[in-house]
Each structure stands twice: as C-alpha cells, then as structure tokens.
Amino acid sequence: MKHRLIDQVMSRDVVSVGPDASFKEVAELLGRHAVSGLPVVDRDDKVVGVISETDLMFHQAAQDDTPRPWYLPRLTRHACAEDTKARGNTAQTLMSAPAVTIGPRHTVVDAARLMAERHVERLPVVDEEGRLMGIVTRSDLLAVFRRPDDRIRAEVIEDVLVRTLWLAPHTLGVEVRDGVVTLTGKLQRRSEVPIALRLTGRVDGVVRVVDRLGYQEDDSHLRPTEQALHGIAEEWLRKL
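This note's numbering numbers the first residue of the sequence shown as 53 and each following residue consecutively.
Treat the hints with care, since some could be wrong.
What follows is a list of derived Cβ distance ranges for each label pair [what the hints assert, rightly or not]:
(1) 57 <-> 168: 27 to 35 Å
(2) 221 <-> 259: 18 to 26 Å
(3) 109 <-> 221: 30 to 38 Å
(4) 105 <-> 150: 14 to 22 Å
Worth flagging that the hints you see were computed from the coordinates, not collected in a lab.
All values reported here derive from a predicted model rather than from experimental measurement.
We put the CB at the ideal spot given by N, CA and C, even for glycine.
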C-alpha cells in the first residue's frame, strides 16, 4: 500500500536560524513559536544542523563551574562532545551536525524509522540540493492515527479490496472503530486471507486488524508459486 508522503504531512512554515544566531536569539525563537527545536541554515537556505532545547540545556548546565570530583569517571567521547557544545554561544557551536534530514517524497514510515534509528524528534525536509522545504515532527507522523474511521474504511475498500485484490467493493465487510479494522466474509482462497490482513494493516491510520475472514477453497497444499498462478488465472477468467 502507498503510505502518506512527507510533503503531505510536513509543516511548510518553518522557523529557522542562521549559524551566527546567538544563544538568546535561539531561546527566544523556541519560546515564541512553542517549538522544541529548529533547523540551522546557511545563506543558501541549505540545512547545516539542528538546534534543540536539549542543546541549550547543555550550555546551561555548563554554567556550573564546580570542579569535577576526583572519584567520578572520566568523560566519555560522547560526553566530551557535549561538554564542548555546552561552552558554545552561537547556533553553529550549539547545534547538532550534520543534520538528519529527509526528502519530500519519502513516506511517513521512512520518517518514523529514521527518527527511531537516529533518536531525533524532528526531521528537516530538504530538496535535492539540501535546501530547506519544511519540517516533519513526531506529532506530524502520529497525525495519521487521527484520521476519521470513515476515511480509513473507504481506503481499505478502494485500495485493498478493489485495486489490489480485484474484488467487488461489498465482497467483504469492513468495519472501522477507533482505527481498529474488522474484516468479515469469505474470500475465494485461503492464501488470500493473510494478504488481505497484511495490506489492510498497512493503510495509514490503522491501529489493528481483527480477522474474521473465511475462505471457500483451501489452497494451502499448493506451493506459493502455484497459488499465485492459480489466483491470476482465475481472476483473468472472471473478468472475461
């Protein structure tokens, strides 16, 4: 199934700063726009880093000049990097770089996977030249789960049943409540059941799929290739 693309969910009105922006300027922008982070761009509007409230907190923590007790372990390489960042006072010295970015034609699934792997809460969206186009946050990605149940149901029927499985719209019962999809009815072949369930689960906004499907023909004794050929031949004859 085709998931939502980043350019369909991203915010285009992006608050950004230049590398020379001061600590105070960044802090004021974060507070004024109620955001927890923003991209840092150069004169060509290319993203060179991302600065967040966490980056500012490192700086704030460094204001405590109490000597480090002898019994505490030495700073790790990661901690040393944070310590260096903490002593900066411009966006360029405070930001995390290089920025983790994503393109507008990637999907919300791609973005969610990238955020999880890189432990970030936002992704600047850039064009092929690295110029800022927008920004996508975890909240933007979770917005797909706020889709109305009737829209999810319509997409399951149109994209899964009709376009993919080549079924009439009312072949199966499709009920959606709070993002939970229940499929009822009978498919022609047993091998089609897991396909219908898997494809339904890939529709954006689906929280869970409840399986109440049956089948008319048990083709489990056939090899996967035979199941596919059997299904294709039968569908082709059905459409003659």
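A quick look at each hint next to the structure:
Remark: the range hint 27 to 35 Å for residue 57 to residue 168 is contradicted by a beta-carbon distance near 19 Å. Between residue 221 and residue 259 the C-beta distance comes to about 23 Å, which sits within the given range of 18 to 26 Å. Checked against the hint of 30 to 38 Å, the C-beta distance between residue 109 and residue 221 comes to roughly 54 Å, which is inconsistent with it. In this structure, residue 105 and residue 150 meet the distance hint of 14 to 22 Å, their C-beta atoms being roughly 20 Å apart.
Taken one by one, the earlier hints fail for this structure at numbers 1, 3, listed in ascending order.
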